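**Student:** Sequence:
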Amino acid sequence: MNRAEHSSPLSPFASAKAKILLLGPSGPHFADFVNQGRSLNLEHVSPAFLVQQEISRRTPHGQQAAQALTRGSAVPDQLHLAVMRKWFWARKPDAGFLLEGFPATLLQALVFDEWLEARGETLTAGFAADPLSADPVITHYRTQGLLRGDLTAAA
Numbered sequence: 001m002n003r004a005e006h007s008s009p010l011s012p013f014a015s016a017k018a019k020i021l022l023l024g025p026s027g028p029h030f031a032d033f034v035n036q037g038r039s040l041n042l043e044h045v046s047p048a049f050l051v052q053q054e055i056s057r058r059t060p061h062g063q064q065a066a067q068a069l070t071r072g073s074a075v076p077d078q079l080h081l082a083v084m085r086k087w088f089w090a091r092k093p094d095a096g097f098l099l100e101g102f103p104a105t106l107l108q109a110l111v112f113d114e115w116l117e118a119r120g121e122t123l124t125a126g127f128a129a130d131p132l133s134a135d136p137v138i139t140h141y142r143t144q145g146l147l148r149g150d151l152t153a154a155a
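Numbering follows the working numbering, with no gaps: position 122 of the sequence shown is 122.
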């Protein structure tokens with residue numbers, strides 16, 4: 001193992017089957033994790049990217065998302081869940097991932113937990129920019145013992 005791999009915050013989870021959450025809003029603070037995840041062959045998944053793909057393909061979900069964005073509204077929870085459900089159930093169960101920006105609400109976290117349980121999968125770890133935040137999603141995963149540290153300190 002080289003020095004860069006050893007110092008990586010993802011090193012303890014160095015497996016192509018790792019299932020890791022990057023909690024909080026998407027942004028450049030995730031860049032190091034995403035690059036390290038790629039070196040481990042983890043699929044980098046972002047609901048924003050998947051929604052953009054749906055919009056580009058002009059699917060029904062994409063049309064709904066485009067309408068919301070045109071109105072200046074956020075993409076509704078149910079639409080994010082529909083797009084993420086499509087991704088989740090299409091992937092191989094033993095494939096690892098680096099999931100950025102999802103779940104973003106407690107409802108999404110609870111539904112995502114149900115999907116994992118239905119497939120007999122478990123999350124490996126979660127990282128957050130502020131692991132002590134009172135954000136309900138961060139609190140939910142902190143209570144489950146999945147938060148592994150501060151993104152800004154680890155990256």
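Wrong hints could be hidden among the right ones.
Said to hold, decoys possible - Simulated pairs of lysine to any residue, SDA-like, Cα-Cα distance not exceeding 25 Å:
hint, residue 1, residue 2
1, Lys86, Gly120
2, Lys92, Ser73
3, Lys92, Gln53
4, Lys86, Ser73
5, Lys17, Arg148
6, Lys86, Ser46
7, Lys86, Ile55
8, Lys17, Ala66
9, Lys17, Asp113
10, Lys92, Ala104
11, Lys92, Ala66
12, Lys86, Gly96
What the hints assert, rightly or not - Distance ranges between label pairs, derived from CB positions:
hint, residue 1, residue 2, range
13, Thr70, Ser15, 40 to 50 Å
14, Arg58, Ala90, 13 to 23 Å
15, Ala68, Glu114, 33 to 43 Å
16, Gly120, Gly145, 26 to 36 Å
17, His44, Glu114, 19 to 29 Å
18, Pro60, Thr139, 27 to 37 Å
19, Ala134, Arg58, 13 to 23 Å
Worth flagging that the hints you see were computed from the coordinates, not collected in a lab.
This one's a predicted model, so the numbers in the text were calculated from it and none came from an experiment.
Beta carbons are placed, not taken as given, at the ideal position from N, Cα and C, and that holds for glycine.
**Student:** Are the hints correct? Go through all of them and say.
**Tutor:** Right, here's what the structure says about each hint:
1. Distance hint between Lys86 and Gly120 is fulfilled; the C-alpha atoms sit about 18 Å from each other, no more than 25 Å.
2. The suggested pairing of Lys92 with Ser73 is violated, with an alpha-carbon distance near 33 Å, which exceeds 25 Å.
3. Between the alpha carbons of Lys92 and Gln53 the distance comes to roughly 20 Å, so the proposed pair stays at or under 25 Å and holds.
4. The suggested pairing of Lys86 with Ser73 holds, with an alpha-carbon distance near 22 Å, which does not exceed 25 Å.
5. Under the criterion of a C-alpha separation no larger than 25 Å, the hint pairing Lys17 with Arg148 is consistent with the structure, at around 17 Å.
6. Taking the CA atoms of Lys86 and Ser46, the gap is near 13 Å; set against the 25 Å cutoff, the hint holds.
7. Restraint check: the Cα-Cα separation between Lys86 and Ile55 comes to about 15 Å, which is no more than 25 Å; the hinted pair holds.
8. Our distance criterion of 25 Å between C-alpha atoms is broken by Lys17 and Ala66, whose separation comes to about 34 Å.
9. For a cut-off of 25 Å, the pair hint linking Lys17 to Asp113 stands: about 17 Å separates their Cα positions.
10. At roughly 23 Å between alpha-carbon atoms, Lys92 and Ala104 fall within 25 Å of each other, so this suggested pair holds.
11. For the suggested pair Lys92 and Ala66, the alpha carbons sit about 29 Å apart, so the restraint of at most 25 Å is broken.
12. Distance check on the hinted pair: Lys86 and Gly96 sit about 16 Å apart at the alpha-carbon level, within 25 Å; holds.
13. Separated by about 42 Å at the C-beta atoms, Thr70 and Ser15 satisfy the suggested range of 40 to 50 Å.
14. Checked against the given bound of 13 to 23 Å, the beta carbons of Arg58 and Ala90, roughly 19 Å apart, stay inside it.
15. The beta-carbon spacing between Ala68 and Glu114, approximately 25 Å, falls outside the hinted interval of 33 to 43 Å.
16. The supplied range of 26 to 36 Å is broken by Gly120 and Gly145, whose beta-carbon atoms lie about 19 Å from each other.
17. Remark: the range hint 19 to 29 Å for His44 to Glu114 is upheld by a beta-carbon distance near 23 Å.
18. Taking the beta carbon of each, Pro60 and Thr139 are about 34 Å apart, inside 27 to 37 Å as hinted.
19. Between Ala134 and Arg58 the beta carbons are some 39 Å apart, a value that contradicts the proposed interval 13 to 23 Å.
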